[in-house]
Structures are given as structure tokens and as C-alpha cells.
Amino acid sequence: MVTKRVTLLILAILVIASPFFFPSSFYYRIGSLIFVNGLAVTGLVILIGYAGQISLGHAGFAGIGGYSCALLPAHLGLHPGIAAIVGAILSGAIAWLVGRPILRLKGHYLAIATLGFGILVSMVLANEAWLTKGPDGIEVPDLGLKDVLELVGLDLSNSQFWYWFSGIAFVIGAWVALNLYDSPSGRALRALHGSEIAARTVGIDVARLKLQAFVISAVYASLAGSLLALQNKFITPDVAGFMHSIEWVTMAVLGGAGSVLGAFFGAAILTTLPQVLTVFQEYEQILLGLVMMLCMIFMRDGLLPSVLRLIRGKDK
Amino acid sequence: MAELMQFVLSGLTVGAVYALVALGFTIIYNASDVVNFAQGEFVMLGGMITVFANMAGLPIPLAALTAIVVTAVAGVALNKLAIEPARGAPVVSLIIITIGASIFMRGLAQVVFDKQLHRFPAFTGDTPIMIMGATILPQALWVLFGALVVFAGLWAFFTRTLTGKAVLATSNNRLAAQLVGINTNWVMTMSFALSAGIGALAGVLVTPITNTSYDVGIALALKGFAAAMLGGMGNPIGALVGGLLLGLIEALTAGYISSVYKDAAAFVVILLVLFFMPRGIFGKSSTDRV
Amino acid sequence: MKSLTALATLAALGLASAASADIKIGATMSETGPAAFLGDPEAKTLKMLVEKLNAAGGINGEQIELVLYDDGGDPNKARTFATRLVEDDEVKAIIGGTTTGTTMSIIPVAEDSEVPFISLAGAVEIIEPVKEWTFKTPHTDRMACEKIFEDMKARGISKIGMISGTDGFGASMRKQCLGVVGNYGIEILADESYGPTDADMTPQLTNIKNTAGIQAVLNPGFGQGPSIVTRNFQQLAVGLPLYQSHGVASKSFIDLAGAEAAEGVHLPGAALLVADLLPADDPQKPVVEAYTAEYTAKYNEAVSTFGGHAYDAFQILMQAIERAGSDDPSAIRDEIEKTTGYVGTGGVVNMTPEDHLGLDLTAFRMLEIKDGTWTLVE
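Residue numbers (the UniProt record's numbering), protein chains in the order written: chain A, 1 to 316; chain B, 1 to 290; chain C, 1 to 378.
Hints were generated in silico from the structure; no laboratory data involved.
Even glycine gets a Cβ: it sits at the ideal position worked out from N, Cα and C.
Check before you lean on any hint, since a few could be wrong.
Derived DEER-like restraints, expressed as beta-carbon distance ranges [stated by the list, open to error]:
1. C:A259 to A:T272: 42 to 52 Å
2. A:F280 to C:A302: 24 to 34 Å
3. C:A259 to A:H79: 56 to 66 Å
4. C:G156 to B:L4: 32 to 42 Å
Hey, can you work out the whole structure from these sequences and the hints?
Spelled out as C-alpha cells, the structure:
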């Protein structure tokens, strides 16, 4: 495994150095999307990679986080930044409530239950038009931080600002996840991934740990949803949709669900891929499906572990 | 009374569609423990190939047969090219592979066919049948009938035939099945062909009711998956009951409570059932091996 | 076969851009996803028009290069592609935003970077309040509601039931209809809905049918919903006038619903749908006939009003570029705003600084389906 310090160093260098290679300022947008997705996927690494649980409904939490940034400032007059934090707390609380019964399920049953949860959230967001303005979406107020930076002489374009803001958020998220990995809870979680029954026999409170991982990953997804909403200044119920959940899970597994660095690469590849595939126009979907299948077949543990193994030789 | 009857008939119509899709999930799941998220695309292929073969001049029955055969071949290809090579991969990876396959098939369909909605006429006309003051379309009876026949066929297949038992044995323990002389590769091939064929049949039967287009698969797969889970994955009776139940819940919610939340009601019921019966209504309890 | 021609088009476009591409126009549309049947004819129309214009020597002596992206109906993707169009491709104007959701997320990009943007989506929020750089070509859903209620009022209908789709189109139109219904002295006694992928709406229609006093039913929706509603309507023998919306926008609706079930359905539609029925002196007749002929010859499928929106957007933009005599975005914007008397597929467009749509209710024609085809209601 790549150690914690090395991982953080790699990520920080990537965030800082990448802009030197950007051909146009559009790439800041892609970069910031990678970090936003990377943040959500880091949460899923904790859930899927550390704890071995699956979720096909995490976009639901992104919906809660995103709509918090739209609704709380409009109705309660909260600052959008505070709204994002309130949204994260709300997501955590909801995850704690639904997680207890849901996490008793296993495998495909857990998948359908989380999927159902995600669909319920997106349905509420789409149907409660009196509150959310319905399926066409709602405007999100400006975070206002960019203007503050301008006052102190840092004049960034919109894309640039969000690149740095999401980049920093992502590195902090990665740092928290890495610390968790090395903590006693993290070790217990990984034991759980190996074998739930074995973990239970050595006295690990399995239910509590699973719930912890679920709540933490929900908070990550919620913050990612908030970042996306604030950056786009607009949000629709699509953010909580089934395909969005699937996209994140695919990023996590594609990169190698067990590591934060893998999460980053998974997010980077799947965020960039549609931009590259635009050359193929109407064959875009075919190729996207093909890439998903091929990666899972030939790099079963995910891209990063597979590549690392290749570098280190086949003896591992 | 007529009102309730109409809701029930509507629920049965929609429920039969879900049941047919759910039944398709059953075989592949039984043979390989894979929940095939591309099952909805088989339904789409069934409908779309029939539509386009019909446009090319084939009469509907022949077009439908072509659709079922072509889709069955697609199912076998899916198994050979994507599922077999990934044997032993974790649940998450297999889910992603089948979702990838579904995106792939959808992408292919939009290039080969088109992106418009299509329909062909109902088999035996559109004159509604009156039952106790409520109405049902003849095509809905075809779908119900189709679901019952497929169910009966599958039930007999799994309990009465050696091949069916071989499928169950393969799912239970592949190595042991091979040891007792079961050709597990053949079992897998056949399971995918059957599942895809049933999916295509569903597509043929439901298109006059629901219309079809290149992207009808996702919604159908989600509902079919939910129905199969509600009933208990892998059990044909679970798929049938789960599908009909889901349709009835939706129709009754739409009729008596709120049409806005009928899908929500369906998922709430699924969540509740799973809380109390974590393996669905007809699911077998199992113990984990360590 | 289809893919071969697509490849050929792709190659042709590639060659054209390699030769001399002078004015770059961007587009992001929902060619795939739930709104594909809107985005697909839009994209096809744009490609066809660009090809034709360039073959005829381009505009102001310069060729047009079209940069077209498929956002799949996802607003987040639309925002990314809009950013890409502006910051990477450096286009001079953007056409697109197939749905209201994608349009609303493109607007901040267009406004911030000061690039003229012509949307192809319906909701009235896009142009109300007026945004400096944002225009649109389709009639608003509020106009459709008004046209329908006008017709109902003329027929003495004052109590109706409504069944709308829960997708963006249906929900937005439902809201607008609820907003203006009072102006016509019409009451909505039953307000039902259905999901965009639902297969049977008989429970909702039963409830409407059993509501006492209802004289007509209105179905704001697009996609497969309206055809199923129409069939269920006949199945239940509701026996009231059924009004569909402008979301039912191509001949295929009659095939999907079945001629028998669709008999007598009323809807507000653009002149494009009834090109052959227009009187010879109708100013729109030559435009819609030419577009219909061109489109069907090239793609071998029926035209829809959605493709027509893209046609209008492209023509308005090209005329603005021609008048501006340059490809300076701000000059183009000013000229788009000055568009007057443009006769398009959707109606006659007269834009002003206060009106970035420029259509009035006359743009809609009340249509009725009779014997499996459209007829004009006088």
C-alpha cells in the first residue's frame, strides 16, 4: 500500500501542479468536477472499500446537501456555506436513521434498499414543487468567498476559484479518510470487510461500525452535492438520481475501492472520459459502456491496484 | 366498487409487466448469482427489433420470433464476453459490468435503430373488456397470460427437470456441480439465452401497452429488480407475486392516495418488507459460511 | 446504413472544419437520455442547416463551424459543456439547452462570459425576467395554457380535470396552467399526475371521470405519457373532450395513440405540424414546407416542432451575424435582440429588449385530430 503521507503528497502535488498543463481555462472546470466527485468517492471508499458495504443510493445524500444550499439561504436566510454544513449534518442524521435497518441487509438486498432510498429522495425533490421548484431545478445563491478574495487582491475567474476551493476540500477529505484508515475503527472496519462473522467473533461491534461508515460516507456525498450546487449556482433533482449514484460507485470500484488514491483516479478517469468521448459523437454511449465492462473484467481490483501490481512485477 | 375494480385491473396490467421482467432476472440469478441490470435492455431489444423487423416487411409474429432469437443470442454473448471472464469478481464489480452492458446495448440501439417512440398494434384489438364495471385491454390479458405461462414453465423447469436442477446446483456450488458431471458452461449459456429470450418476449407483449424506444430498459430493469427483490430473488413465485404486488400497490396508491407518490409508495413497501423479511417474501433464509 | 451515413457526415464536418472554419457556433443538446426525442431532431436540424449554409458559401463570406455536444439531458453536464464551448472552443454564440433544466444551468455561463445564447426549452422562467444574453425560440408553456383555455372558454367549458406528467415539461406546464386558469373563469376540479415511464393511467383517469361536473380533460405532458393517456381515455370511455399540449409535437403521436383513440383530441400546435393545411397566403407556409421537405428528404423521418425550434434559433442567429457584419458576440447579441418580422416554423418573431422570445398567441394554431390526421380548428 501507498502510505498516508505519500498519498497526501501525491494528491497535493496533483492539485497544485495540474494548472500548469491546462491548455485553456475550461480545464479548471473539469479539475474541480474531478475533486467534487473525488470527495464523494472517497466517502464511498470508506463504505465499500473499508467496510465492504454497497450503496446504490448515495446520490440521495448529494441531493440533500445540494438542495440545502439552495433552500436554507432562501427560506431561513442562512449563508450558503453554513447551509452546506447544516446539509451535511442533516445527511448524517438521515443516514444514521435509515442506516440502522438498511445495513442489516446484505449484497443485492442492501443494493436495492439503498437504491430505493436514493430514488425516494430524488422523487421528493422533484415532486415537492412548492419547496424545491420541481424537476426543472432551483437557483443556488453565490458562496460569496470569491468576492472576498478579490478584496484582498486575489482575482480568480469562476472556474479557477472553484478549482482551488474543491481541490482543497478534496485534499482535506482525503486526509480525514486516511486518518480513519489507520485508526482502531478503521482497522476494525477492514476486518469487517474480510469477514463479518470473523469480525463479530473477535468482539467487534459490527452493526455500529457499519453504521459509522455509512454516516461518514453520507456526509462526504452531501458535501460533494453542496459543492456541485454552489459551483453550478443551479441544482436539479437529477443530482440525486440513480445514474449519479451508479457513476460514483463505478468511480470508486474502477479506481480501486480500497484506497483514497484509487478514488481520485477513478473520479479523474470517469469525469474526463465523457469529455474525450465527445469526438465519437453518437458512439459515445457504446464506448462508455464498453470501457466500464472492460475495466471491471480485466482490472478486477480497480485500476490503481492493478497498475501497482504491474509495476511491482507479477510476483505479488 | 367499479372504481376499486379499475384500480385492481390497472395494477394487474402494470404488475404483469413487472412480473415478466422480474422472471427474467430469476434464471440468471439462479445460475450465476448475478443480478443482471441489463435485463431491461433485453426487454427493449424485444420490442425494438420487432418494430424494425416489422417495418422491414416481416409480419408481427415472425418479427417477434426474430426479436426473441436475436435477443437470446445477445444474452449468450453477454455471458461469454462479459460475465464468464469476470467470474468470481465481487458483487459490486458484477453490478457495474451489467450496468456497463446495459449502457452499451442502449448506445448500440440508438445508433442501429433511432431515438423515437414506437409501437405496434395490440394482438387482438383495442376493444376494452368490461369486468364488473371496470375495463381492461385485451393486450393486458396477453401480458398476464404470458407472465403466468413463463412462471409455470420456470417452476416446472426448476423443480421437474434435470437441467433445471443442474442450474440450481451450479448456482449453489459450481465446483461441486462440475464434479457430479454437470456441464456448467452449458448451464450458464442456456440460462442467459433463456433469460434474454424471456426479456424479449416481455418486450413483445408489453410494447402495444407501454410503447418502446431505445431507452425504456432502465426504468423496466429498476422496477423488475425491485419486484424480484420484493418477492425474493431467484424464486419464480417470488418474481410473479412481487411483480403483481408492486403493480397493485402503485395503482391503489395512485387511485386512493396520490398519483404523485405512487412510485414512492412502492419503494417504501419494498424497504419495509426487507426490514422484516431481509430476503424478500419468498426468499429462503441462509447462513453464511465462514 | 444509418451509421454509415453518420460516419460520412462526421467526416464531412471534420473536413469542412479543417478547410476554413471562421465562425464557431456552439451547441449543447440532449441527443441521448430522457429528452432524446427532443434533442435528436434539434441536433439533426442544426447539422443539416450548417452543412447547407456552408455549401452555399457560408455567411459574410465566412464558413460556420458547429461544435455540438450531447449533454444527455443532465444539467450538470450541460453546464460543463457550456463552459467548454465558451472557454475551450471559444464559440461566438450558443444554441441549445433542450430542456429547461439544462438551459437554466447554461444561463449563468452565457451571462458571465457574455456570449449570446438561444435556448430551445419551453419554460417561461428562461426569459422572465429578461437576461441580457439569453433568448429562446419555443413558445412558452404559459402561452400553450392560454391558447387551450381560450379555446375551452369559447366552447363554454368552465370545469376541467387535469392530468400532468411529473417530468420537467409536465410539471412546469401544470404550474403555468394553474397560474393563468383563473383569468379564463375555468376551474380545475381534479389535478392528477403520472410518472414519465408509467404504463397505465387508468386509476388517475378513473378519479377524473368520477369527479362530478368535469367538462373536459387537459394533459400537459410529452413523450410516451400523452399517447398512453389518450388510449386509457378511450378504454375508460370517459366521453369528454381531451386536450393535449404542444408537447405532442409530431405525427408519430397519432400512430402511438392509435388513430381511433386519438380521434377528436385537441391541441395547440405550431404551423409546422400542419404545413400542408395552411392557406396559400399564410406567411409561414413557404418556410414550414421548405423545412419539412428538406428534413424528411435527409433523415427519412417526420419533422417535429422541436427540430423547428432549432431551425428558428439557427436562422435568427445567422441573420443576426449577417446584420452585425462581424462575429463579435456583443454585436451578435444586439442584432438578435433587434430581430423583427422573422417568419419561422414557430411563428413570426419580433424581439425587443423586454421580450427575448418575440412570439404571441397567434403563433399557436388550435388543432384537432380527425380520421388519423391533424385538422385546423377555425
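Outcome of the hint check:
In this structure, A259 of chain C and T272 of chain A meet the distance hint of 42 to 52 Å, their C-beta atoms being roughly 49 Å apart. Between F280 of chain A and A302 of chain C, the C-beta spacing of about 28 Å keeps the proposed range 24 to 34 Å intact. Between A259 of chain C and H79 of chain A the CB atoms are about 58 Å apart, so this pair conforms to the stated range of 56 to 66 Å. Distance hint check: the CB atoms of G156 of chain C and L4 of chain B are about 34 Å apart, consistent with the given range 32 to 42 Å.
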